[in-house]
Amino acid sequence: MKSVKRIAKHPTISLLNSCTTLKEMKQIHAQLVVKGILNNPHFHGQFVATIALHNTTNLDYANKLLNHNNNPTLFTLNSMIRAYSKSSTPSKSFHFYANILHSNNNNLSPDNYTFTFLVRTCAQLQAHVTGLCVHGAVIKHGFELDPHVQTGLVFMYAELGCLSSCHNVFDGAVEPDLVTQTAMLNACAKCGDIDFARKMFDEMPERDHVTWNAMIAGYAQCGRSREALDVFHLMQMEGVKLNEVSMVLVLSACTHLQVLDHGRWVHAYVERYKVRMTVTLGTALVDMYAKCGNVDRAMQVFWGMKERNVYTWSSAIGGLAMNGFGEESLDLFNDMKREGVQPNGITFISVLKGCSVVGLVEEGRKHFDSMRNVYGIGPQLEHYGLMVDMYGRAGRLKEALNFINSMPMRPHVGAWSALLHACRMYKNKELGEIAQRKIVELEDKNDGAYVLLSNIYADYKNWESVSSLRQTMKAKGVKKLPGCSVIEVDGEVHEFIVGDKSHPRYDEIEMKLEEISKCLRLSGYVANTNPVLFDIEEEEKEDALSKHSEKVAIAFGLISLKGVVPIRVVMNLRICWDCHNVAKMISKIFNREIIVRDRNRFHHFKDGFVKNVQVLWLSFTFWYPPIRGEY
DNA sequence: TTAGGGTTAG
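Numbering (our numbering), first residue to last: 1237 to 1867.
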């Protein structure tokens, strides 16, 4: 057997890893040149590889170094393939693969390392055909049984969405080790076969913390967050090491489930056990707090972070916008630019939301145009939808329609829905009918489109059209999504679906609702009963307004959450105007902060005001829509 | 010197 003589890393080269800037690396480079160390091809290779792998921004420098070397070693070229596979230009890896294949040095031919890195490039590029060619080359060069290459191939096919190919590679492995098994488990989860992943997980004779994390990630990524938390609890009970990745995953599940208390527990655990605070973990915390409606805490974590990337900034900007703090979100965007962090398409979704919630149409338009003109980012459907929403909320319905008509791609349901919502807000029947027709053309069973148009007709007391629309819905089998609100009390999630009285404390809730009604009447509140009259579900007509799921959840919050704890409700539809006004008044009468997250954003109510937009609010009669910046 | 798990929107 051929023995490979290992050469230790030169101590000066080892120093490179402690460098934080390229400038420092260049100083070490100068020392190595002076000492003649780089004349040794092994040390030269180590030096180039360390520079290239340290940071992808160093790749140009590593390339220049390589250009001065006519006979790079296989190790050097493999390292360049590896570095480029992780960069923003992964296709450049193939340049070095070609160097290996066409090298003047006859001894150079690709090895198992080459393919381990090259398959990652294919995955990164989503290059299906190239991936198949690389797999062919793997077989041709005799590395199909190498466990590292096999793991890479499983990873590659998973990224390409080819689960059957993952199975083929995995089944070809003689005795797949823990790493390959975990890669396969992850592949099943990523490609939609989470139950098979779980079966594999349960049957594995040995698992380490990465396997556990992969299982949690699998559940979290397919939206089965509750099961993700179950696996996490099992992991804790079995005494498996929890690291920062476990924490990020569990936070992501908490965010989706809107379980702030559990999220807070994770944060406390991170601090108590000094879990390594990576940018990813910090971002997950910011995102969790913001999406659970605790924006103050989110910003506290944000400003406490030592390092922030585009994910962190986008999360915070979006979090502020989602909670109604539009101006603050735009200030933060300016801070981001000042710090030299390059925004991406997702950042602009957050920025446009920020403009939308405070009605800054001109500024929104400026940011939208800057996407392409300044940052070279092509706006996507979501960005167009947000612009329509922005014009619509500001009452500029004609401009919203013109904007839709100027879209370079076919307008989607989101764009037309934004217009339809604005038409409801501003009672514009003609445009509302156009928008509804367009939505139904794209999605014939879109219940929201029917309900909104029906509401517009009802605003005009056009009961004939309301009734005709109801019949169309019945004929087409369009069902209205029932309102559903959830509230977390003592770590337990309580769900209230409109019309459902099965909650064990429903009698008490009803009594509280009656008390609320009395208090509201005494305060001079007159409900806008229009929605009851034109509500299209028969069973919801009677008492519907006072039994909307969000009101029931708030009433339950009042009876079960003692002291000054804010009432946090999450609902599946947009909050109705009456519930919005009632929540505002309850916050004053019962001296309780209320935070409602609807399908669109958060609504904060305190002391009888909508937090952060009191001034705008005071200029309107309290039940009369539209309120710029509130809906 | 190589392989498996993580964050922003929708």
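For the record, the hints were derived by calculation from the structure and aren't laboratory data. The structure displayed is predicted, hence computed values, not measured ones. Please note that a few of the clues may not be correct.
Derived DSS-like pairs: lysine-lysine, alpha-carbon spacing no greater than 25 Å straight-line [stated by the list, open to error]: (1) K1634 <-> K1665; (2) K1542 <-> K1510; (3) K1716 <-> K1754; (4) K1716 <-> K1674; (5) K1634 <-> K1715; (6) K1634 <-> K1716; (7) K1602 <-> K1573.
Each pair of labels, with its calculated beta carbon distance range [said to hold, decoys possible]: (8) V1415 <-> E1480: 37 to 45 Å; (9) N1479 <-> T1325: 28 to 36 Å; (10) S1704 <-> S1400: 48 to 56 Å; (11) V1610 <-> D1438: 47 to 55 Å; (12) E1439 <-> Q1472: 35 to 43 Å; (13) D1695 <-> L1470: 46 to 54 Å; (14) R1512 <-> E1666: 56 to 64 Å; (15) Q1472 <-> D1407: 29 to 37 Å; (16) E1700 <-> E1677: 17 to 25 Å; (17) N1479 <-> K1435: 35 to 43 Å; (18) V1610 <-> H1469: 41 to 49 Å.
Idealized CB from N, CA, C, for every residue including glycine.
**Q.** Unmet hints by their number, sorted upward, for this structure
**A.** 3, 5, 6, 8, 12, 17
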